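Below, each chain spelled out in residue letters.
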Amino acid sequence: MNLLCFGLNHRTAPIEARERFVGHARTEALLRDLGCHEVLLLTTCNRVEIYAAADRSILSEDLVHSLRVDGGSSSKEDLAAFYRMDNADCARHLFRVASGLDSMVVGETEILGQAKRAYEGARASGSAGRLLHRLCQRAFRVAKQVRSKTQVTRGPVSVGSVAVDLAGKIFGDLRGRKVLVLGAGETSEKTLRALASRGVSDLRMSNRTSARAEELADQMEGIAVPFATWLEQCREIDILISSTAAETHLLTPRLLVPVLRDRADRPLFIIDIAVPRDVAPEVNELDGVYLYDIDSLQEIAGESLELRRQQLVVAEAIIDEHVADFQKYLLLADTGTRPISDCPTSVSGTLRTSES
Amino acid sequence: MLIGTAYRLSLMGAFTAPLVFLLQITALILPIDTPRTSEVSPNSWLEFHASISIIAYGAFALACVAGAMYLVQERQLKTHQLRSIFYHLPPLPNLFSAMTRLLWFGFILYSAGLISGFFVSEPLPWTKIALAIVIWVLYGAILQSRYLRWVAPRRVATLCMVAFAVALSLLWSIEFVGHRV
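Residue numbers (this note's numbering), protein chains in the order written: chain G, 1 to 356; chain P, 1 to 181.
Everything labelled a hint here was simulated from the structure, so no lab data went into it.
These numbers were taken from a predicted model, which means no experiment stands behind them.
Backbone N, C-alpha and C fix where the C-beta goes; we use that ideal spot for every residue, glycine too.
Mixed in with the good hints, there may be bad ones.
[Said to hold, decoys possible] Just some of the chain P residues that point at chain G, by a computed CB distance under 8 Å: (1) His88; (2) Pro93; (3) Asn94; (4) Trp126.
[Said to hold, decoys possible] Here are some, though not all, of the chain G residues that point toward chain P, as calculated from beta-carbon distances under 7 Å: (5) Lys169; (6) Ile170; (7) Asp287; (8) Tyr290; (9) Ser296; (10) Ile300; (11) Ala301.
From just these sequences and the hints, can you work out the full model?
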């Protein structure tokens, strides 16, 4: 019995190509018709992959056909976007995917949940058998080990996630915190959404064009406040996201000091995304005020990403060990010998330690 | 066990260990803990006074450690230089509330220890009493200024560290005075 991985992802195909392919129940039926004994479909916004176990060779064209949304036949362009891996390479690929090493943002952990849901779905429908069960269980262990033994998932890697992490450090619990967005832009909107996803519920928007503030307020279920009152709002809010097109500083220490007197030691987190900056850098020197401009946020995100890249070598070494081990399992399974253990001594020892 | 409920912070041990190491090394190297025969006859007030004062000093030491953790994190947030330890430290409000609780806890115990000192049968040297009152006033002033919001959390953290350094020096002086008098 051979293991097979066939699919495409964000690196091999643009979204226009990826959206033509999808894995669903019909795909599973088609794959069974092709002679696959076991099938698992992993579909995310960045990848569409088939993991299958079959005792005979299956043509790539047939696999592409089974994945096409419109059920059409495959073209040469379609085939070029796909990759195909067998046995140990297939295992290595799934281990890397589950560990987040193959993701667009290296080390992201959402993919593990998606892989687990895909496996649960396949198990519930009966399309995943003994071999895929072993493969997936091992992939989940590898992902757990990579997460705990390396720093590949450490640190925020986008402006929004940096802002959320910093806000968490400054305020502890973000629930009930008040945010004012000054001006409107894509990055400030993303940052606002990231904060809202962590429980910030009092969202206020202010813009020179009130219609734009009202539009954003409608989208985010917040309230629009007149631009003339934004400084007064600073007495109440906890986080200020500023991204106006002003050519001079809107907020200076001279303006902020009287406001801070009424804040009773409550910290103020200012995220200045505007270029040129809306907030004078000297504001950061005031007690209880934490000012971050777009460069500082991007620098932190960049450092985290670099740290993750450095940790890739360690993560790959862990995966190598598991792939070698899984390869032994495949050989034993192929010869009909029942493996003594799913984990040989060297790896299981590490795993037991990490899981204890 | 008693103080543990007052802070509930992860990584406290990592910051406490160097302080404990420093205190133990100092105790080993400097001749401040030489065995001697007790000049005061043991009684229950003396035992209560000594034990409660030691716990109070423990609370002040932990407040000092929480203050150091607060300042490390605050500094990193202000300078935008986030080191690896940043991601392990508890949020600033948690550290500050632990620091305040430990200060109150230590202050109440220290007050009890100070009062009980007057019930120890032997007469105490006035310098010893005066130095003990200085420490009490110092911590009382920190708590009062915080209660009235005269000082920002960052300054409270700094004061926690300064006050503990002063308290340790005065404790040594108290012992020194106790030996000489």
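Okay, the hints, checked on the actual structure:
1. His88: This hint is violated: P/His88 lies away from chain G, its Cβ roughly 10 Å from the closest one there, beyond 8 Å.
2. Pro93: holds (4 Å)
3. Asn94: holds (5 Å)
4. Trp126: violated (39 Å)
5. Lys169: Holds. Min distance 5 Å.
6. Ile170: holds (6 Å)
7. Asp287: Result: holds, 4 Å to nearest chain P Cβ.
8. Tyr290: G/Tyr290 check passes; min Cβ-Cβ to chain P is 5 Å, inside 7 Å.
9. Ser296: Check passed: Cβ of G/Ser296 comes within 4 Å of chain P, closer than 7 Å.
10. Ile300: Check passed: Cβ of G/Ile300 comes within 6 Å of chain P, closer than 7 Å.
11. Ala301: Violated. Min distance 11 Å.
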